[in-house]
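Each chain, letter by letter, is given below.
Protein chains: 2
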Amino acid sequence: MIKENILEQGRKAREAARLLSNMSTAVKNEALSKMALALEKKSEQIIEANAVDMERGKEKGLSRALLDRLLLTAERIEDMAEGLRTLISLSDPVGEIVKAWRRPNGLEVGKIRVPLGVVGIIYEARPNVTVDAAGLCLKTGNAVLLRGGTEAFHSNRAIADIIASAAEDAGIPGEAIQLVQTTDREAVDVMLKMNDYLDVLIPRGGAGLIQKVVKNATVPVIETGVGNCHAYVDEGADHQMAKEIVINAKTQRPGVCNAIETLLIHISEAETLLPGLAEDLRKNNVELRGCKRACQIVTGIKNASEEDWQTEYLDLILAIKVVDSLDEAVEHIHKYGSRHSEVIITQDYLRARKFLKNVDSAAVYVNASTRFTDGNQFGFGAEIGISTQKLHARGPMGLEALTTIKYLVWGEGQIRC
Amino acid sequence: MIKENILEQGRKAREAARLLSNMSTAVKNEALSKMALALEKKSEQIIEANAVDMERGKEKGLSRALLDRLLLTAERIEDMAEGLRTLISLSDPVGEIVKAWRRPNGLEVGKIRVPLGVVGIIYEARPNVTVDAAGLCLKTGNAVLLRGGTEAFHSNRAIADIIASAAEDAGIPGEAIQLVQTTDREAVDVMLKMNDYLDVLIPRGGAGLIQKVVKNATVPVIETGVGNCHAYVDEGADHQMAKEIVINAKTQRPGVCNAIETLLIHISEAETLLPGLAEDLRKNNVELRGCKRACQIVTGIKNASEEDWQTEYLDLILAIKVVDSLDEAVEHIHKYGSRHSEVIITQDYLRARKFLKNVDSAAVYVNASTRFTDGNQFGFGAEIGISTQKLHARGPMGLEALTTIKYLVWGEGQIRC
Numbered sequence: 000m001i002k003e004n005i006l007e008q009g010r011k012a013r014e015a016a017r018l019l020s021n022m023s024t025a026v027k028n029e030a031l032s033k034m035a036l037a038l039e040k041k042s043e044q045i046i047e048a049n050a051v052d053m054e055r056g057k058e059k060g061l062s063r064a065l066l067d068r069l070l071l072t073a074e075r076i077e078d079m080a081e082g083l084r085t086l087i088s089l090s091d092p093v094g095e096i097v098k099a100w101r102r103p104n105g106l107e108v109g110k111i112r113v114p115l116g117v118v119g120i121i122y123e124a125r126p127n128v129t130v131d132a133a134g135l136c137l138k139t140g141n142a143v144l145l146r147g148g149t150e151a152f153h154s155n156r157a158i159a160d161i162i163a164s165a166a167e168d169a170g171i172p173g174e175a176i177q178l179v180q181t182t183d184r185e186a187v188d189v190m191l192k193m194n195d196y197l198d199v200l201i202p203r204g205g206a207g208l209i210q211k212v213v214k215n216a217t218v219p220v221i222e223t224g225v226g227n228c229h230a231y232v233d234e235g236a237d238h239q240m241a242k243e244i245v246i247n248a249k250t251q252r253p254g255v256c257n258a259i260e261t262l263l264i265h266i267s268e269a270e271t272l273l274p275g276l277a278e279d280l281r282k283n284n285v286e287l288r289g290c291k292r293a294c295q296i297v298t299g300i301k302n303a304s305e306e307d308w309q310t311e312y313l314d315l316i317l318a319i320k321v322v323d324s325l326d327e328a329v330e331h332i333h334k335y336g337s338r339h340s341e342v343i344i345t346q347d348y349l350r351a352r353k354f355l356k357n358v359d360s361a362a363v364y365v366n367a368s369t370r371f372t373d374g375n376q377f378g379f380g381a382e383i384g385i386s387t388q389k390l391h392a393r394g395p396m397g398l399e400a401l402t403t404i405k406y407l408v409w410g411e412g413q414i415r416c
Numbered sequence: 000m001i002k003e004n005i006l007e008q009g010r011k012a013r014e015a016a017r018l019l020s021n022m023s024t025a026v027k028n029e030a031l032s033k034m035a036l037a038l039e040k041k042s043e044q045i046i047e048a049n050a051v052d053m054e055r056g057k058e059k060g061l062s063r064a065l066l067d068r069l070l071l072t073a074e075r076i077e078d079m080a081e082g083l084r085t086l087i088s089l090s091d092p093v094g095e096i097v098k099a100w101r102r103p104n105g106l107e108v109g110k111i112r113v114p115l116g117v118v119g120i121i122y123e124a125r126p127n128v129t130v131d132a133a134g135l136c137l138k139t140g141n142a143v144l145l146r147g148g149t150e151a152f153h154s155n156r157a158i159a160d161i162i163a164s165a166a167e168d169a170g171i172p173g174e175a176i177q178l179v180q181t182t183d184r185e186a187v188d189v190m191l192k193m194n195d196y197l198d199v200l201i202p203r204g205g206a207g208l209i210q211k212v213v214k215n216a217t218v219p220v221i222e223t224g225v226g227n228c229h230a231y232v233d234e235g236a237d238h239q240m241a242k243e244i245v246i247n248a249k250t251q252r253p254g255v256c257n258a259i260e261t262l263l264i265h266i267s268e269a270e271t272l273l274p275g276l277a278e279d280l281r282k283n284n285v286e287l288r289g290c291k292r293a294c295q296i297v298t299g300i301k302n303a304s305e306e307d308w309q310t311e312y313l314d315l316i317l318a319i320k321v322v323d324s325l326d327e328a329v330e331h332i333h334k335y336g337s338r339h340s341e342v343i344i345t346q347d348y349l350r351a352r353k354f355l356k357n358v359d360s361a362a363v364y365v366n367a368s369t370r371f372t373d374g375n376q377f378g379f380g381a382e383i384g385i386s387t388q389k390l391h392a393r394g395p396m397g398l399e400a401l402t403t404i405k406y407l408v409w410g411e412g413q414i415r416c
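Residue numbers (numbering that gives the first Met the number 0), protein chains in the order written: chain F, 0 to 416; chain V, 0 to 416.
I should point out that these hints are in silico values taken from the structure, not numbers from a laboratory.
Straight-line C-alpha distance at most 25 angstroms; calculated PhoX-like pairs for lysine-lysine:
(1) F:Lys353 x V:Lys110
(2) V:Lys110 x F:Lys356
(3) F:Lys211 x V:Lys2
(4) F:Lys242 x F:Lys282
Starting from the given sequences, assemble the full structure and let the hints guide the process.
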């Protein structure tokens, strides 16, 4: 029954996507506007549904952090509505003629941007993803099938009902925004194999969820999320700049993928920079774990194990390794990194270039915090997630990542010889 | 042992890819030139190895068609060498700055084209794929791990040895081009899950192989190949043009994915066009299978079953359906098509536009043969395959399909607030 219900949702989503793909930007923007207004008007209804989730979450013994992520307030609902309104002002990528040319035989070929079709999103606790994902998919002409976390089920259902019906008021097919109506895990298994009705799956959540989707899906997946990011302080780096960047990249928001997890520092700077930097980091409640040399330079640092170099802490912990050269830093990043974001802090032109060339990550920085790896910070206006794979989209994904292209070919009877 | 050997090849490919990714176009072109020359010089060695495969193929009772695909002659080897030389003249996509911009905080962000890394190719009988794939990957700075068909094992091994060693002479890492050294099927199973060492898998071959890869791979896959393509003859279409396009799209090379499998014809043209067209098709040895109305109009046509509408014949067979409207044609294509290539033959401007908009296929034509869906015919100069999925690449894939992007970010100490 679960399987049939979801397949039926998929079928309906596919039909909705066909209509939606040719809808005008004006209609889609009108829908976004009505969705925002509906969220505001019905915020009490959402808060009531959220209270059920919060109650159950407390009973289940969810951590304070998780409960905080789950909680919806009038202010947070207002933020979600504002997020939708932001999308209105962004230019619609659908219909862009990316390129067009004439062939010697007179055929004209045009490469045009079109929606992907139906996007499946599998996500965890935060209910704001329901609004974000639905808004992004709608703006790009895609139908969306949402599978939120069990903990947020009632909140998600209230939100999805409100925005889907508001979109319908603007002329969007009612099935363009659908939430899977069960918390049974079987639903996810069905979605993973739903190649006939889903064009792409985007998992958003912890490493466990993402790996489950990557390993088991036959639907193409865009992998997001894991960031074991590095800062490398080069020989001759400006110490003040190094401190500011390292502290910002570690502490400004430690629980996200673009925060750094390991500091690599050139031996020539280690003795003069590390003690003060360690003190500043500790003032920011950062626990330090160091290689042998780092532990010799700064007292009271725990020894880092092999596991530390591999770990995305997502917490106020920083591993520190003293290296003898840029090459050693690049090798360390190659061996342990997740190809998300890395920064070199340097005053040297050639070494900056070398780092940019030799580090194979989605975003490679010179002298700036890795925390800028973000769709909004890059200027995309919106973000679906940060792709850590190389196919289709890499790094922060804006609206274009939810589109594909098709070729249009105009002839007057050409045949192939 | 098989698993360890292949993982070891993967590790080496990954290291080779790191070096190759920053090699100059000049070095890569020099390698392509040396590879072409080596194929010509050592063609006898290749022909000897091929003779072993041919002998075994005959013993195994391979069909004449398969044996012909397997056969290598001096002329065919010359064609492979010429294929490599063609790549030299194509512009290198690696290093292209796709876009760059400055953010309000002074950060400069650049989006630069880089190689994917290591490409895995799993393919069937034709040994020319060994050369094609190796050349395309080399030109785009990717290492390649090739897994050819059992039938062509000796031919592939001889070819791979020759071209890898020629590339090495030009300064390319020896492990940039590697062939899996076993015909054991376990090798494929290992490759499908080799996420640490492969950035993408491209299967090339029959539907069975492609589905096996799509269903079982955890490495991201680019799906190629299946084409259940349609021609729709619209009300008021030019009959002569319709005949020429339908005959060309069906018969010019029936065994390939961009040939049509079903003809949809508007009722208003069916009685006048079908009898003559059927005669012409039969002269070209095409077997016809029709809907009820088609069978009434033309005598001696077999009845088409539900299965016929779903089938990619890859043979001189054509299914014919009479429809009452453009919408019915579009619905039929939506229901049965594989989203590869479809054409409308029409004189009507608005219906041409409607078809282009409402048919969701990689290539949608007005008044031209679907046989043009091809990298060379589109002007890309080379083709890795034709993607039938929507992620990363759709339709004919040129060199760009073997690249990804990375973001470079230049700052002078920017941190995030």
